[in-house]
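Undergrad: Sequences and hints are given; from them, build the entire structure.
There are 2 protein chains.
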Amino acid sequence: MISAEKLTLYELAAADRAVRFSPHCWKVRMALAHKGLEAETIPWRFTEKEQIAFSGSRTVPVLVHDQHPRGDRATGDPAISSEVISDSWRIALYLEERFPDRPPLFGGAGSIPLSEFINSWADTALLPSLARIILVDIYKHIHERDREYFRTTREKAFGKSLEDVVADRDAHLAALKQVLSPVRRALRNRDFICGATPAYADYCVFGMFMWVRCISGFDPLEANDPVSTWRDRTLDAFGGLARSAAVAD
Amino acid sequence: MISAEKLTLYELAAADRAVRFSPHCWKVRMALAHKGLEAETIPWRFTEKEQIAFSGSRTVPVLVHDQHPRGDRATGDPAISSEVISDSWRIALYLEERFPDRPPLFGGAGSIPLSEFINSWADTALLPSLARIILVDIYKHIHERDREYFRTTREKAFGKSLEDVVADRDAHLAALKQVLSPVRRALRNRDFICGATPAYADYCVFGMFMWVRCISGFDPLEANDPVSTWRDRTLDAFGGLARSAAVAD
Chain A
1 MISAEKLTLY ELAAADRAVR FSPHCWKVRM ALAHKGLEAE TIPWRFTEKE QIAFSGSRTV
61 PVLVHDQHPR GDRATGDPAI SSEVISDSWR IALYLEERFP DRPPLFGGAG SIPLSEFINS
121 WADTALLPSL ARIILVDIYK HIHERDREYF RTTREKAFGK SLEDVVADRD AHLAALKQVL
181 SPVRRALRNR DFICGATPAY ADYCVFGMFM WVRCISGFDP LEANDPVSTW RDRTLDAFGG
241 LARSAAVAD
Chain B
1 MISAEKLTLY ELAAADRAVR FSPHCWKVRM ALAHKGLEAE TIPWRFTEKE QIAFSGSRTV
61 PVLVHDQHPR GDRATGDPAI SSEVISDSWR IALYLEERFP DRPPLFGGAG SIPLSEFINS
121 WADTALLPSL ARIILVDIYK HIHERDREYF RTTREKAFGK SLEDVVADRD AHLAALKQVL
181 SPVRRALRNR DFICGATPAY ADYCVFGMFM WVRCISGFDP LEANDPVSTW RDRTLDAFGG
241 LARSAAVAD
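Quick note, the sequences are listed as chains A and B, same order. Mapping to this note's numbering: the first sequence position 236 is 236, numbers consecutive. Mapping to this note's numbering: the second sequence position 6 is 6, numbers consecutive.
Just so you know, the hints here were simulated from the structure itself, not pulled from any lab data. Everything hinted at is true.
Copies of the same chain look alike in the list, so a pair counts if it works inside one copy or between any two.
Pairs of lysine-lysine, DSS-like flavour, derived with a Cα cap of 27 angstroms:
hint, residue 1, residue 2
1, 140, 49
2, 6, 49
3, 177, 160
4, 156, 177
5, 49, 156
TA: In structure tokens, the structure reads:
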């Protein structure tokens, strides 16, 4: 990226603003690293709807891509174009389209629909399965003023109290193990879901594990699970970007 | 394919040998049609292990690809090469590699790992979910001499009787609806899982619905489900190949 461009990413933060735990924001963080792009990250909390109202979205991630007229944006020139993209999937497509000379997030156009399926699987199967394990941990670590919002929206979604959702951890761990079967199988023949190196479909799944890692002290994977080995490899990618991320106490 | 080549596909058959109901064999049938290839299909039943012993596999699909020295195999020349491939995934890779000038099953090398993930998802999430609905229907329609084998192996896998597995159909239908979420989401933006036209990942999922269609009178999808609309489109592909397939009475 030439210095006339600037990327800004609004990320969900815990009570400790250094802790960025949204699975969807982690998809974007990994995608930016994959593309070799730097972004200023701005902590955002669930109830700060007004701070991102400019995006038309009520949730993060929100990415702002400013382009300045001269090479040195320190001159204070206003941006001549400013694009605002919300939703991690749309952000990934945007990055792929706008930075085509950087390493590809998708292995060609044919891979985009297939990656979207895997993203949808992560969101609709893996996310709820992990939520049943960490929902109360999230509640404990988010900012005090986010708690009522979080409890109300999640208890409505699950149809029971947060505490009741996570009550039977052993059953949820057994269900998770089954949910992860396609990942485990896919990793029999290769190091990453996308092949010899990770790409966007890996980050879609990995984001879910960063969500757990950043907000909960509990590890839902057994050490000998191939999914755990894959997670280790992805934690080490890009100089250990994800491994060095702040986690909640 | 030049006339010097011959493909033979061993397929699982019901009591009525015209009924070919294996989800994995249907993946191959669709892949062959996609490539514009014809194959002689040979009905096979669960307990006929000896008939396919030459393949080293105990299950179908098994594909045999014979090449004859001259253009006209009717001369009775023995095949100069005969390749035997079992397992639907390996067959798909084989067809892609051996018939590269035909329409691609995968949209480039980057799509192969992603398609394998979707195949694994179909096998480990969708298949068991549908099995909980149709297991007794399968038992009723397979050949009498296959029944004991089927009951024994499936009851061991599920840890209960076939009748107990399918007992709570309403709960299984609700679970299926949730399992299908990634397919439904993927179809929001396109006609097929793979994009504007179907490819191998579509057939991996579609094979599961052909399994149900051929062996059970029950349709687990609601008519207004986008998955049902996609299934209709795929039933119509290749001149209605799948729609015209024999189904059990």
